[in-house]
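Novice: Given only the sequences and the hints, what does the whole structure look like? Please build it.
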Amino acid sequence: MSMQDTFLYFLSMLVESIALSCCILAVFRDQKDLRKRDFILVPSVSLCLLIARSSYGGASPGFHLTQGFFLAPADNFPILLILLMGLLLLTSTLLNTQNGGRTFCGTMAAFSLYLLCHFCAVIFTLFFNLTSSGIAVVSSVVTLLLCIFVVCLPWFQGLRSALRTGSFLVQVLSINITLFFAAVCACTSFDPIRFMAHWKFIAFLLLPLLFLDIVLWMINSRQEEQRKQIRMTEQYVPIVEELISQVRARQHEFNNRMMAIEAAVSSAESLPEAQEAVALLTKGLALSANDSMLLACDSKIISGFIFGKIKQAEISGLDIRLQISASFKKTSIPETVWIELIGILLDNALEASKQGDTIYLESRQAENVTELWVCNPHPPLSGTEFMRLFSKGVSTKVGSSRGYGLYQLMRITEHYRGKILTRNEIRSDRNYVVFGVRFS
Amino acid sequence: MLRLMKNEWKKIWIPVLLTLLVVTVAACTMTATMYPDYSLTYTLDAWEVGTEYLSLLYPLFVVLPVCWNLHQERQNNFLLYVQPRVPMRKYLWVKWMVYAISAFCIITIPYILSAVTALRMDPHLDALNMGNRIFENTYSEHPVVYAVTLSVFRGLIGVLVMTMGFFLAMYCENIFVVLTGPFLYTILENFVLAILGVPQYRLVTAFDPNCLSPEVITTMSFVAGPSLLAAVITLLAIYFSKVKKEKVVKV
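Chains as they are written, first to last, in numbering that gives the first Met the number 0: chain A, 0 to 439; chain B, 0 to 250.
Any given hint could be a false lead.
With a straight-line Cα cutoff of 30 angstroms, these simulated DSS-like cross-link-like pairs (lysine-lysine) come out [unchecked claim]:
no.: 1; chain 1: B; residue 1: K249; chain 2: B; residue 2: K89
no.: 2; chain 1: B; residue 1: K244; chain 2: B; residue 2: K89
no.: 3; chain 1: A; residue 1: K35; chain 2: B; residue 2: K89
no.: 4; chain 1: A; residue 1: K310; chain 2: A; residue 2: K227
no.: 5; chain 1: B; residue 1: K243; chain 2: A; residue 2: K35
no.: 6; chain 1: B; residue 1: K246; chain 2: B; residue 2: K89
Everything labelled a hint here was simulated from the structure, so no lab data went into it.
Specialist: Encoded structure:
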């Protein structure tokens with residue numbers, strides 16, 4: 000290999016390492032989070048690529064860079080594996096990512112993105128009549144430009160946040176696509192011309208892989224929902240069971256009172272005397288309206304959750320009054336989602352109310368339409384003000400991490416094709432703001 | 000001691016047996032299928048051809064199935080609860096012994112079984128590469144002795160590589176450093192010593208002495224690589240325990 004070729008291969012390797020570092024940094028860091036220390040990644044990745052493309056001995060003795068251009072920054076599968084491991088080690092140590100799963104999936108996502116750009120760039124350069132070293136240099140520059148273009152696209156932010164929140168679909172896709180590309184490289188001997196000869200078959204193979212990923216994602220979503228349901232059952236059912244046991248404990252008292260009423264009625268000489276005795280004996284016997292509502296509610300999890308919120312409100316000197324007539328179990332919305340919605344609405348109302356205020360939680364069901372709303376005392380709001388409150392980060396309260404509750408409520412409602420209810424209402428000569436949801 | 004070893008074995012037996020099974024099947028299959036593309040001088044050549052990938056990836060096979068366990072025990076503070084029951088030094092020693100036996104088996108058994116597979120085949124032989132290997136007499140006259148001896152020696156190197164992973168697991172928080180560190184060490188050591196012009200002292204050369212021409216192979220070739228690795232392990236242990244003052248059990 001001539002000196003000029005060696006220089007060109009070295010240059011292409013350097014540009015490729017910048018492109019790969021760019022992908023890794025874009026996956027792991029926001030622009031504002033970037034630190035000077037993160038840029039150590041570039042020389043470190045360069046070293047990895049240098050090791051991947053170097054060889055010792057062979058036709059010419061001593062150390063040299065491998066000739067030719069390849070679909071990946073390596074020319075065989077074990078070297079590609081070594082490169083991947085080196086990258087994993089670099090991202091976990093240099094970028095100081097604590098979560099092992101996130102590091103793994105993030106590196107895979109960055110590498111698959113880089114490979115995709117590199118594939119496109121190599122195929123693009125094949126259409127020009129260039130020498131082997133020329134293709135290596137041009138493809139690396141095109142790869143870099145493509146990588147920069149992709150990471151600047153708005154959807155890339157979504158990918159980054161999905162990886163950060165541990166989205167199962169993105170994680171599985173990242174790992175699968177990297178493995179798929181690695182397998183394609185191995186089967187085509189890292190030769191772009193062979194790849195071009197079989198690209199239709201490769202594209203055909205990609206479809207069942209994507210289908211498999213979607214099936215896996217659906218299974219995972221269902222399992223996640225079940226896990227959430229079990230968690231909530233474990234958390235809230237004991238609360239409502241305590242309420243039931245309190246009512247059962249009073250059963251003995253009810254029996255005694257019934258016997259006393261029977262005795263009072265039979266021993267009374269006149270009707271007014273009997274009425275007076277019965278009124279005296281039934282005093283304080285009835286269940287509170289809230290307890291009756293909670294016991295009548297068809298979902299124990301939701302009852303337990305609301306009971307907990309009522310107790311929380313009592314500590315803050317607030318009163319919650321319930322009027323629940325809807326059946327939560329008969330709706331298409333899972334109980335866990337109802338809990339999220341009720342939680343957002345009640346938390347907002349509790350935070351906006353002052354000591355001694357009364358908050359109303361009401362629900363209604365008619366002709367397959369279920370409505371749930373929460374009213375709390377507040378000066379009247381206009382339609383525009385109501386709408387503004389559902390924007391991300393907008394809140395009537397002071398604080399930086401506020402304004403996400405109603406935004407989340409709106410997203411959930413949109414997801415289940417529901418509607419948001421907002422209005423002003425006069426109750427006991429006071430204005431109440433009403434926030435609620437309607438699902439059909 | 001035996002009870003402790005049994006306890007440790009219970010923690011890792013599934014990944015160890017799974018790795019052993021996968022590696023054995025892969026080595027035997029590759030030995031039985033890859034040789035037609037090569038020109039063979041001796042029957043055992045098929046064994047060398049078929050176990051080429053195993054010789055490259057062996058640091059992963061000896062570290063991955065066992066060292067995760069020590070790392071996990073440190074991360075979830077299990078060692079904290081072990082400390083009042085068993086002296087930590089004894090506990091770690093027992094753990095290392097179980098890991099070492101596992102690593103030794105993971106390397107030795109697949110190599111021996113794939114050698115047996117190679118010896119049971121009847122490939123077409125030619126005399127193209129005669130006189131181009133070390134211990135050629137034993138290799139041609141007593142292939143079983145050669146294969147078993149080399150496999151056992153490779154098993155010992157595997158134990159040494161696993162020990163590096165063990166020490167990393169004792170002191171490092173980063174799971175990737177623990178699991179891929181020894182593998183990347185072998186790659187880097189190979190790369191650096193090749194650049195320095197002393198490829199005969201690489202760990203790879205000790206593991207597979209026929210990767211270089213027999214003229215450059217000396218007794219030192221079998222000792223230098225493992226000794227360098229042992230020195231690196233010692234330095235790592237000193238660095239983590241004395242310089243960085245890392246503790247195996249963090250309270």
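Novice: Would you check the hint for K249 of chain B and K89 of chain B, treating anything up to 30 angstroms between C-alpha atoms as holding?
Specialist: holds, 17 angstroms
Novice: For the pair we were handed, K310 of chain A and K227 of chain A, check the Cα-Cα distance against 30 angstroms.
Specialist: Distance ~23 angstroms between K310 of chain A and K227 of chain A Cα, so the pair holds.
Novice: Please work out if K246 of chain B and K89 of chain B have their alpha carbons no farther apart than 30 angstroms.
Specialist: holds, 16 angstroms
Novice: Verify the proposed pairing of K244 of chain B with K89 of chain B, using a straight-line Cα cut of 30 angstroms.
Specialist: With a Cα-Cα distance of about 21 angstroms, the restraint between K244 of chain B and K89 of chain B holds, given a limit of 30 angstroms.
Novice: Does K35 of chain A pair with K89 of chain B here, judged by a C-alpha cut-off of 30 angstroms?
Specialist: Violated: K35 of chain A and K89 of chain B sit about 45 angstroms apart, past 30 angstroms.
Novice: Under the criterion that the straight-line Cα-Cα distance not exceed 30 angstroms, is the pair K243 of chain B, K35 of chain A satisfied?
Specialist: Answer holds: K243 of chain B to K35 of chain A is near 24 angstroms, not above 30 angstroms.
Figure legend: structure checked against the earlier numbered hints; the only hint not met is number 3.
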